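**Q** One letter stands for each residue in the lines below.
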Amino acid sequence: MKYLDEFNDPELAGALFDDIARMTTKPWSIMEVCGGQTHSIIRNGIDQLLPDAIELIHGPGCPVCVTPLGMIDKALEIASRPGVIFCSFGDMLRVPGSAQDLFQVRSEGGDVRVVYSPLDAVQLAVENPDREVVFFAIGFETTAPANAMAVHVAEQRGLTNFSALVSHVLVPPAIEAIVSSPHNRVDGFLAAGHVCSVMGTWQYGPLVEAFGVPVVVTGFEPLDVLEGIRRVVRQLEAGTAQLENAYERVVTDEGNIEAQDMLAEVFEVCDRRWRGVGEIPRSGWRLAERYCGFDAEVRFGVSDIDTPESASCRSGDVLQGLIKPHECPAFGTECTPRHPLGATMVSSEGACAAYYHYRRLDLPVEAARTSDVSR
Amino acid sequence: MCLAVPGQIIETREEAGIPMATISFDGIRKDICLAYLPDLGVGDYAIVHVGFAISKIDEASALETLEMFRELGVLDDELALDEASDP
Amino acid sequence: MPEADLSGWTCPLPLRDYDRIVIGHGGGGQLSSELVEHLFVPAFNGTDDVELHDAATFDVAAGRLAFSTDSYVVQPLFFPGGCIGDLAVNGTVNDVAMTGARPTTLSAGFILEEGLELGVLGRVVEAMAAAARAADVRIVTGDTKVVNAGQADGMYVNTAGIGVVPEGIDIRPSCARPGDAIILSGPIGAHGIAVMSSREGLEFGTDLESDSAPLHGLVAAMLDAFADVHVLRDATRGGVTASLCEISNTAHLGVEYEETSVPVPAAVAAACSFLGLDAMGIANEGRLVAMVPPEGVDQVMDAMHGHPQGRDACVIGRVVEEHPGLVVARTALGASRVVDLPLGEQLPRIC
Numbered sequence: 000m001k002y003l004d005e006f007n008d009p010e011l012a013g014a015l016f017d018d019i020a021r022m023t024t025k026p027w028s029i030m031e032v033c034g035g036q037t038h039s040i041i042r043n044g045i046d047q048l049l050p051d052a053i054e055l056i057h058g059p060g061c062p063v064c065v066t067p068l069g070m071i072d073k074a075l076e077i078a079s080r081p082g083v084i085f086c087s088f089g090d091m092l093r094v095p096g097s098a099q100d101l102f103q104v105r106s107e108g109g110d111v112r113v114v115y116s117p118l119d120a121v122q123l124a125v126e127n128p129d130r131e132v133v134f135f136a137i138g139f140e141t142t143a144p145a146n147a148m149a150v151h152v153a154e155q156r157g158l159t160n161f162s163a164l165v166s167h168v169l170v171p172p173a174i175e176a177i178v179s180s181p182h183n184r185v186d187g188f189l190a191a192g193h194v195c196s197v198m199g200t201w202q203y204g205p206l207v208e209a210f211g212v213p214v215v216v217t218g219f220e221p222l223d224v225l226e227g228i229r230r231v232v233r234q235l236e237a238g239t240a241q242l243e244n245a246y247e248r249v250v251t252d253e254g255n256i257e258a259q260d261m262l263a264e265v266f267e268v269c270d271r272r273w274r275g276v277g278e279i280p281r282s283g284w285r286l287a288e289r290y291c292g293f294d295a296e297v298r299f300g301v302s303d304i305d306t307p308e309s310a311s312c313r314s315g316d317v318l319q320g321l322i323k324p325h326e327c328p329a330f331g332t333e334c335t336p337r338h339p340l341g342a343t344m345v346s347s348e349g350a351c352a353a354y355y356h357y358r359r360l361d362l363p364v365e366a367a368r369t370s371d372v373s374r
Numbered sequence: 000m001c002l003a004v005p006g007q008i009i010e011t012r013e014e015a016g017i018p019m020a021t022i023s024f025d026g027i028r029k030d031i032c033l034a035y036l037p038d039l040g041v042g043d044y045a046i047v048h049v050g051f052a053i054s055k056i057d058e059a060s061a062l063e064t065l066e067m068f069r070e071l072g073v074l075d076d077e078l079a080l081d082e083a084s085d086p
Numbered sequence: 000m001p002e003a004d005l006s007g008w009t010c011p012l013p014l015r016d017y018d019r020i021v022i023g024h025g026g027g028g029q030l031s032s033e034l035v036e037h038l039f040v041p042a043f044n045g046t047d048d049v050e051l052h053d054a055a056t057f058d059v060a061a062g063r064l065a066f067s068t069d070s071y072v073v074q075p076l077f078f079p080g081g082c083i084g085d086l087a088v089n090g091t092v093n094d095v096a097m098t099g100a101r102p103t104t105l106s107a108g109f110i111l112e113e114g115l116e117l118g119v120l121g122r123v124v125e126a127m128a129a130a131a132r133a134a135d136v137r138i139v140t141g142d143t144k145v146v147n148a149g150q151a152d153g154m155y156v157n158t159a160g161i162g163v164v165p166e167g168i169d170i171r172p173s174c175a176r177p178g179d180a181i182i183l184s185g186p187i188g189a190h191g192i193a194v195m196s197s198r199e200g201l202e203f204g205t206d207l208e209s210d211s212a213p214l215h216g217l218v219a220a221m222l223d224a225f226a227d228v229h230v231l232r233d234a235t236r237g238g239v240t241a242s243l244c245e246i247s248n249t250a251h252l253g254v255e256y257e258e259t260s261v262p263v264p265a266a267v268a269a270a271c272s273f274l275g276l277d278a279m280g281i282a283n284e285g286r287l288v289a290m291v292p293p294e295g296v297d298q299v300m301d302a303m304h305g306h307p308q309g310r311d312a313c314v315i316g317r318v319v320e321e322h323p324g325l326v327v328a329r330t331a332l333g334a335s336r337v338v339d340l341p342l343g344e345q346l347p348r349i350c
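Chains as they are written, first to last, in numbering that gives the first Met the number 0: chain L, 0 to 374; chain F, 0 to 86; chain W, 0 to 350.
In case anyone wonders, no lab produced these hints; they're calculated from the structure.
On a predicted model such as this, the values are computed, not experimentally measured, just so you know.
All residues carry an ideal CB built from backbone N, CA and C; glycine is no exception.
Please note: incorrect hints may appear among the correct ones.
To be verified - Computed Cβ-Cβ distance ranges for the label pairs, DEER-style: (1) W:Gly324 with L:Asp51: 22 to 32 Å; (2) F:Leu62 with L:Asp51: 49 to 59 Å; (3) F:Pro37 with W:Ser260: 39 to 49 Å; (4) F:Gly42 with W:Pro165: 52 to 62 Å; (5) F:Val73 with W:Glu245: 56 to 66 Å.
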C-alpha cells in the first residue's frame, strides 16, 4: 500500500538501526504511549534489534487496556438488557469484566454487535426504531472525533433510541502523570502520531518545558518508529529536551481544527480512572451538558456500578515501566491472556500479553544488515 | 487507538448532509466520513481511522522523509568504511 | 441478494405454491418428499435412476478409508466467489484429501430455517451439485430438518465424506520430521476477506473472491511426483497460523518460517491493514500447507506449479528440532517472534 510499504523497507530500517547503535553511548529508557506503536514494535521485533542500552517501556497507550473494570461492568449490564443493541469496536468484546465479557453476554442472548465505525451504530438506531442502540465510545483523541460525530449526528436527526457509553482518555495528562511521578524512569517519549494528527503537537511543548524530557511525535510503520527512537536518542545523547515531529507527512502543529471544534462541542474534560494506574485528574472526556441526554450511563441507570480492581494486579507498575511483566508474581500463573487481571494482560497490545505471547524463548537474532548491532 | 491507514479518495458525495467519500486502500473500497477534511478531493490521500478521514498525507513530506532515510544509509556505509579502514 | 435463477431446476413440476420453506418441509411427509425428488435428487444425481432408501449403499475399493465431516454455518450465505454450498462440498473433499485419499462420496445434511426462500435453497443446492461435479464426487445421501424462524441463520449444512487412502501413503501431523520443508500452495486470505466484505457492519468493496476449490487433484499430482509427503493440512479456520501451530503441537516439533516468503495478495494486505487483522490467521478454502522431506521438495514443487491449484506454491519455512511445539516467525527486519494460536476469531480492532 502506498505510504505504508515504503516505510517498511528492511534495508532502510537497517540504516536506522545502525545509526541508533552508533550514537548510543549510555543506557536510555524510552516510552511510547500508544498501543499501535507497541504493536508495531513487538510485531516487527524492533526492541530485539535495538542496542541493549536502549530500553523500551510500553506505556498506557491502549484504550482497551486502560478502560476501568467498572466501565466494562457497566457495558456488560447494559448489553444484557432486553431490547438493547450494544455496539462496540471489536477489541472490546473479549475484555473481561468482573464476571464475564461481551462475548458471554452475547451467548446468553444479548444483542452485541461489532461495528467498524461509530456511524454504523447510528445507522442501526435509525433502522431499529423500537430498539435501544448503545455505542461503547472508548478511545484516545484519535477515536474521539468519530465518536463525537456519531453523537452529534444522532442529535441532528432527533434520534431518541441512541446513546453512548463514554470512556475517553487523553494522552498528555497520562504522560504528565508518568513523568512527574517520583519513581519515573522514562528519559524520553514517543508521542502518538495519530493522536497528534487530531490534536496537533502544541500540547506537548509545555510538558517538555516543565519536565525537561524530549518528546518526539512518531508514526507507526517500522521506519517511523525507528526514526522516532533515533531522534529521542540523539537528543538524550546531546543533553537537549525539545519537542520534535518525526511524522510530518501526517501531523501538523495545529492538528485538525474541524475535529477539535467538534470535540469541544460534544465533550468536556473530566477526571478519569485508568485501569491499573488509578485516577488521573482531567485525563478523560465525558459528554458535554448539551449532549447529556445521550449518556447511556444515565439512561440505563448504571452510574453507581463501581468495581474495585484486583489486589494482585500490578498493571500500573508495568505501565509506568517500574517492573517488567515477568517480574509480577501473578504473571503467567494467576494472570494469563485467558484469565487476565489487569489492563496489560487484557489486550494482546498490553505489555504483559505481548510479553506472554512473544517472549517465551530467547531466540537468536539476525540483523537486517550485517553491521554490528550489539545484542 | 492508533490503527489508522492511508488510503486514496476516489469519490466524494454528501449523505444526509454529511460529507462522505469512497476511499481505496489498494483496491479495497470503503465508505468513510470526510467531515473533518472538507477540503480534500478525489486523488488526495488521507489517514483513515474507524471510518473517518482524520488527516491528509503530505506527499512532498513523505518523499523528503524517505530521501532522508536513504541518505542516512549512504552516510552509514561511508562511516562503516571509515571505521573499517581506521585500525 | 440477486434473484435466484431457477432455470436450472431439472424437474418441471412446481414445488407446490410455497416460495419459502415451512416446518412441513422437514416433517417427513409429502413436502419433504417433494424437496428430495424435485430438488436434491435431480441436482445430485442428474438423470441417474436412484432408489430412495434410508441409507445409500455402494462398493469401495479395498483399503484404508479416510472419513471426515464438517458443518458449515458461514454468514452471509452468499459472498464474492461462492456460497455455503460449494464450501460444504470443497471443505469436506479437502479434509479427506489431506490424508492422501481420493474423495469419492459425500453425504449432505441440511438444517433449514422456517421462512428461508426456496430460491435461496435452490441456488445453494445447485452450487453444491456443480462443486460435486467439478470435484468428481457423488453426494449419495442426505437429510433435511426445518427449525423455527429465528434459528439456523437461514441454513446450516453438514457434509461428511469418504475416500480410500492409496497403498503405502501415510500422511498425518506426527509424520513431520526435522528438516522438512514447509510448502504453501498459494497466496493467502482471499476467502476470509471476501466473506468479511459482505458481512453486515463491515461491508467494503473488493474484487477479491473466495478461493474455495477442491484440492485433491493437486494432492494427487504431488503424491505422483513424490509419495513420501509427510504432512498435508488445508488452511481453513485460523488460517496458516492455525495449521502450523496445530501440526507443531501434535508432532512436538518446532516450526520456523519467513514472513517475507508468505504470498499475500495486495487486496488482502490492504483489508488486513485497515481492519487490524493478521493475514496469516485468515481462513482459506483452497490452500494447503505441506511438509516434505528435503529430497522431495523439487519434485513436489514442480508438480504443484504444473497444477491450477498450485501455480504459486512456495517454500515458506522448515520443521526444526528446536523449540518443539512452538512456531517462530522471522520478521522482515530480521527479528524472531513466537506465533500463537489466537484465542478465538480475529476481530477488527481500533488499537
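**Q** Which hint numbers doesn't this structure obey?
**A** 2 and 5
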